[in-house]
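**Student:** Here are the chains, one letter per residue:
2 protein chains.
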Amino acid sequence: MGWRRDRQQPRTGPRVIVVGAGFAGLAAVAELARTDAQVMLVDRNVYSTFQPLLYQVATAGLNPGDIAYPVRSFTRRRGIRFRLGEVTDVDTRARRIRLADGGEYDYDYLVLATGVTAAYYGVTGAAEHTMGLYTRRDAISLRDHIMAWLERLDVDGPGRDINFTVVGGGATGVELAGALAELRSTALAAAFPEIDGRNVHIRLVEQLPVLLAPFHPALQRYAYRQLVRRGVEVRLSAQIREVTPDQVLLADGEDLPSDITVWAAGVSAPPAIGQWGLPQGRGGRGRVGPDLAVAGLPGVFAAGDIAVADGQPVPQLAPAAIQGGRHAARQIRRLIAGRPTAGFRYRDKGIMATIGRRSAVVQLPASIRVRGTLAWLSWVGLHVVQLLGNRNRLSTLLNLAYRYVSWGHGAGMIVGDDPAAIEAAGPLQLTGAAPDRR
Amino acid sequence: MGWRRDRQQPRTGPRVIVVGAGFAGLAAVAELARTDAQVMLVDRNVYSTFQPLLYQVATAGLNPGDIAYPVRSFTRRRGIRFRLGEVTDVDTRARRIRLADGGEYDYDYLVLATGVTAAYYGVTGAAEHTMGLYTRRDAISLRDHIMAWLERLDVDGPGRDINFTVVGGGATGVELAGALAELRSTALAAAFPEIDGRNVHIRLVEQLPVLLAPFHPALQRYAYRQLVRRGVEVRLSAQIREVTPDQVLLADGEDLPSDITVWAAGVSAPPAIGQWGLPQGRGGRGRVGPDLAVAGLPGVFAAGDIAVADGQPVPQLAPAAIQGGRHAARQIRRLIAGRPTAGFRYRDKGIMATIGRRSAVVQLPASIRVRGTLAWLSWVGLHVVQLLGNRNRLSTLLNLAYRYVSWGHGAGMIVGDDPAAIEAAGPLQLTGAAPDRR
Chain L
1 MGWRRDRQQP
11 RTGPRVIVVG
21 AGFAGLAAVA
31 ELARTDAQVM
41 LVDRNVYSTF
51 QPLLYQVATA
61 GLNPGDIAYP
71 VRSFTRRRGI
81 RFRLGEVTDV
91 DTRARRIRLA
101 DGGEYDYDYL
111 VLATGVTAAY
121 YGVTGAAEHT
131 MGLYTRRDAI
141 SLRDHIMAWL
151 ERLDVDGPGR
161 DINFTVVGGG
171 ATGVELAGAL
181 AELRSTALAA
191 AFPEIDGRNV
201 HIRLVEQLPV
211 LLAPFHPALQ
221 RYAYRQLVRR
231 GVEVRLSAQI
241 REVTPDQVLL
251 ADGEDLPSDI
261 TVWAAGVSAP
271 PAIGQWGLPQ
281 GRGGRGRVGP
291 DLAVAGLPGV
301 FAAGDIAVAD
311 GQPVPQLAPA
321 AIQGGRHAAR
331 QIRRLIAGRP
341 TAGFRYRDKG
351 IMATIGRRSA
361 VVQLPASIRV
371 RGTLAWLSWV
381 GLHVVQLLGN
391 RNRLSTLLNL
401 AYRYVSWGHG
411 AGMIVGDDPA
421 AIEAAGPLQL
431 TGAAPDRR
Chain U
1 MGWRRDRQQP
11 RTGPRVIVVG
21 AGFAGLAAVA
31 ELARTDAQVM
41 LVDRNVYSTF
51 QPLLYQVATA
61 GLNPGDIAYP
71 VRSFTRRRGI
81 RFRLGEVTDV
91 DTRARRIRLA
101 DGGEYDYDYL
111 VLATGVTAAY
121 YGVTGAAEHT
131 MGLYTRRDAI
141 SLRDHIMAWL
151 ERLDVDGPGR
161 DINFTVVGGG
171 ATGVELAGAL
181 AELRSTALAA
191 AFPEIDGRNV
201 HIRLVEQLPV
211 LLAPFHPALQ
221 RYAYRQLVRR
231 GVEVRLSAQI
241 REVTPDQVLL
251 ADGEDLPSDI
261 TVWAAGVSAP
271 PAIGQWGLPQ
281 GRGGRGRVGP
291 DLAVAGLPGV
301 FAAGDIAVAD
311 GQPVPQLAPA
321 AIQGGRHAAR
331 QIRRLIAGRP
341 TAGFRYRDKG
351 IMATIGRRSA
361 VVQLPASIRV
371 RGTLAWLSWV
381 GLHVVQLLGN
391 RNRLSTLLNL
401 AYRYVSWGHG
411 AGMIVGDDPA
421 AIEAAGPLQL
431 TGAAPDRR
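If you read the protein sequences in the order shown, they are chains L and U.
Quick note, the first sequence lines up with residues 1 to 438 if you use my numbering.
Quick note, the second sequence lines up with residues 1 to 438 if you use my numbering.
Chain L extracted, bound-state conformation (with noise of 0.2 Å):
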């Protein structure tokens, strides 16, 4: 049900649709599309999001358009077909799948990779009161409060203060506080003269004593001082008791005053993988079998963050979103064959995290561990050749040069695609009348 014969390409293999068009869906399509299968790419969105810049777009440093690539030139090189939807129910028994706007679509295989969602672990108002950074239209959102307040302290004059607390120690969150201390050291007196960056303040708050925990101690500390340098106040062992509009309150009684709080401290899968029926593991993820079929669901599997493997813990990261869905496609392959699955095996590619210019964070295996300009150079250079499409590739080298090199703000200061940002920057006619009128 559901199928119509592509006009470029007609295939006649099994109808496999892939759910989600990130690093592990785009993976497994690349690989069944050199299959006779007749492949379906669903995504809710016509583009495809290169999550780890995201907090580059919203401190200003890259374009939205930059890490967002059209999945049709994907798909359509491919000529298999994509569908923009989004997937409200997985019949696993009838081996369909139906879309919110009441598509419905067979398959023989599965490939559900569909990402995950924050987890506020029930700390109370986190969900109504703070950011998050998993999103294209996340970070445009983040981007455009962030700028919101800045005009808004523009407005009010000399004395008012802008709280940022980010929570998370990982490397979004490091990442992230670190790319807002120099919005603050660097565009913010290029762009708001009349702004004192020390009426600017960026909080760190990790719940563990060690920043970026799956890295080695001394680059945990490299990181830990690279951030106090540029002025951020990171809070370890710190718990977070309740988030407020206005206000991050720890367990230990202290009210940390924040105007934007965001959220980068943990992620869950969607709530709908349960109703899905799948077996869920930690952080409700769907529990995968080591080849990551999914138990009892035949022909179904799960690959990417939304997965956790039994046996082997799969970090969430790129390189191992993009070898899961490979390996999920290569099974099917396989079982298309009549041949039985393999298990899968991450190979750790290595980790980094940058701080900011000319200071970063990698460890690859074998315990090389590399830090500060040769780190950041090699963490510059890979993001950039792993986004996808040559125009991106172009536009993203070209505005991370005007960020570090010239420290000029060209398109990533056009902000304004928010219209709620100017609002919850608070009401100027109150706060911005009062000193103009001095």
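A hint or two may mislead.
Unchecked claim - Interface residues of chain L toward chain U, partial, derived using beta-carbon atoms under 10 Å: (1) GLY65; (2) ASP66; (3) ARG72; (4) SER73; (5) PHE82; (6) LEU84; (7) GLY85; (8) ASP89; (9) ALA190; (10) ARG334.
For the record, the hints were derived by calculation from the structure and aren't laboratory data.
Keep in mind the model is a prediction, meaning the values are calculated, not measured.
Note that beta-carbon positions come from the ideal geometry of N, C-alpha and C, so glycine has one too.
Once you've looked at the hints, dock chain U against the given chain L.
**Tutor:** Just chain U, lined up with the frame of chain L:
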């Protein structure tokens, strides 16, 4: 009232407020920055929009960021103040402006360069059921509506039509219709292989018997032939009686189906002009004397599209706006120096319009006329050179190259910034399900 010393560059001269960061406003500011005047630029956006290329954004050829430039980069370099805000009231007696957020600022001299908005000439339904192309957000919204409709066609499958109607055969209308035709003939096949271009209908409705009225008849005929050759249905001498959500009703009784109707038929001044007590001329625009000063309102000048000068007709073009803004600023300098003002004389730089790749018309003074590839190349060169900011230039060249050389569709195709677009394209669950069930 309202003025605060700029920490960077204390100025002590008369207070000059420039309202509007378009071509005229920026030209005025650039001129005034060279004086000792305390200059404040006021705009409702933090960016200046390069309007001549809005239609490229609307048709996914350029990024929204490519045609926008951060105003603060402009004002900061010149050591003058930028104020984000919308002017709600001009008290010409007290020489004071008031902003929507309550901020109030006294001025000794005022330059009004707010630009214009659409004129609907009382056509029923025009304001409600057509989209404009005057602001960056207009362009983003139009782009997202177009893309959402194409997604809908893709979901619904063969046999479904989409109808675009461009109202107005001036430069904006011709360029938009031409760009839509190219979107259909090139990017469409690339991004939506399942959509048959014959299901995409593009109509241009003009009430005059010719396109591009200000151009020489030979160029008018060329533009007409080019559009027709590209599959645009051009309706000349066509009066519009009414616009409905899905139709454009002509005075001769014919009803044109229209899913997306773009209004590019004319402009008028924002209604506020009248409330501010400015004498109004054609299209409700502010009537100014030969020196661009507003008669009877001491210290008030108007420039750009918003102003209509007594005596000479000034075209509503970027060069005219730049010249007018600069002239107004120079007259203020003269008044500050105690000298009399001089009359404004528009220096014709010529006019141009592009129909599509390697097809444009250029009409220079001394009746020099160019068309075709050479005209198109000069159009590209001129518009890219005129773009503010190197980053914008590079990024724009990059994207134009992609559009016209490789026909790749990069960030321009990245949509989803207007959540209303998908809904506007109609309920997918109704139209989408049926063919999917085939």
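**Student:** Can you verify the interface hint for L/SER73: is its Cβ closer than 10 Å to any Cβ in chain U?
**Tutor:** holds (7 Å)
**Student:** Close enough to count: is the Cβ of L/ALA190 nearer than 10 Å to one in chain U?
**Tutor:** It holds, given that the least Cβ distance between L/ALA190 and chain U is near 6 Å, below 10 Å.
**Student:** Would you settle whether the hint for L/ASP66 is holds or violated, based on the nearest Cβ-Cβ distance to chain U being less than 10 Å?
**Tutor:** Holds: closest Cβ of chain U sits about 7 Å from L/ASP66, inside 10 Å.
**Student:** Going by Cβ atoms only, is L/LEU84 closer than 10 Å to chain U?
**Tutor:** Since chain U brings a Cβ to about 5 Å from L/LEU84, closer than 10 Å, the hint holds.
**Student:** Double-check L/GLY65 for me: the hint is only fine if its C-beta lies closer than 10 Å to a C-beta in chain U.
**Tutor:** This hint holds: L/GLY65 lies near chain U, its Cβ roughly 3 Å from the closest one there, short of 10 Å.
**Student:** May I ask you to test the interface hint for L/ASP89 with respect to chain U, counting a Cβ-Cβ separation under 10 Å as satisfied?
**Tutor:** With a minimum Cβ separation of about 13 Å from chain U (threshold 10 Å), the hint on L/ASP89 is violated.
**Student:** Given L/ARG334 as an interface hint, is the shortest Cβ-Cβ distance to chain U below 10 Å?
**Tutor:** violated (30 Å)
**Student:** For the restraint on L/PHE82, tell me whether the closest CB of chain U is nearer than 10 Å.
**Tutor:** Where the cut-off is 10 Å and the nearest Cβ of chain U is about 8 Å from L/PHE82, the hint holds.
**Student:** Hint check: is the beta carbon of L/GLY85 less than 10 Å from a beta carbon of chain U?
**Tutor:** holds (8 Å)
**Student:** Go through the hint on L/ARG72 and say holds or violated, using the shortest Cβ distance to chain U against 10 Å.
**Tutor:** With Cβ-Cβ at 4 Å, under 10 Å, it holds.
When the structure is compared with the earlier hints, violations turn up for hints 8, 10 and for no others.
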